[in-house]
Amino acid sequence: MERDRRVQVSTFLGAGKTPTEMAKQLNVEISTIYCLKKKLDINQGVERKSGSAGKYKLEPQLICDVIQRAPTTSMRAHAKDLGVGESRVRRAVKECGGKSLVMFERPLLTPQIKVTHLQRCKGLINDLKSAPAGKIIISVMKRTGL
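Everything in the sequence shown is counted per the UniProt record's numbering, starting at 1 for the first residue and increasing by one.
Honestly, the hints are just simulated from the structure, not real lab data.
Misleading hints may appear alongside valid ones.
[Stated by the list, open to error] Calculated lysine to any residue pairs in the SDA-like style (CA-CA distance at most 20 Å, straight line): (1) Lys39 / Thr20; (2) Lys80 / Pro60; (3) Lys38 / Pro60.
[Said to hold, decoys possible] Okay, the calculated beta carbon distance ranges per label pair: (4) Ala77 / Gly97: 15 to 25 Å; (5) Leu108 / Ser74: 31 to 41 Å; (6) Gln25 / Ala70: 26 to 36 Å; (7) His117 / Arg88: 16 to 26 Å; (8) Ile125 / Ser74: 39 to 49 Å; (9) Tyr34 / Asp81: 42 to 52 Å.
Keep in mind it's a predicted model, so treat the numbers as computed, not measured.
Where a beta carbon is used, it is the ideal one built from N, C-alpha and C, also for glycine.
Using the sequences plus the hints, can you model the full thing?
And the structure:
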């Protein structure tokens with residue numbers, strides 16, 4: 001609950017309003033009002049203790065900027081460098097609309113491999129054409145494990 005709401009609750013308590021009236025008027029849980037009343041009764045005030053706020057989280061956009069600077073680095077390495085969990089980095093990439101590097105489409109055959117395959121296939125066809133009849137034996141051996 002924000003500080004001004006807590007101050008409002010304390011002023012209403014000073015005015016003598018009931019917790020149910022305050023809960024309806026301020027749109028606050030009644031248990032919160034009772035907790036604040038208990039704090040005020042022992043003179044602690046309405047301020048929160050230091051360190052009671054939530055943990056600091058890196059913003060998803062900041063994580064995405066770091067990843068865009070070095071896209072080839074793994075998400076685990078980024079998480080280690082940033083000091084956050086791996087799942088936080090993955091979630092941030094997903095929120096920013098990015099994809100894991102593994103998911104990018106890549107050609108299975110590079111141009112050099114295509115040329116090599118074409119040369120080998122041409123050689124095999126020439127061997128089949130020039131071989132005398134009955135001399136070609138093509139077999140596929142399969143191993144079966146027990």
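Any hints from earlier that this structure breaks? Give me their numbers in increasing order, please.
-> Of the numbered hints given earlier, those the structure breaks are 3, 5, 6 and 7, listed in rising order.
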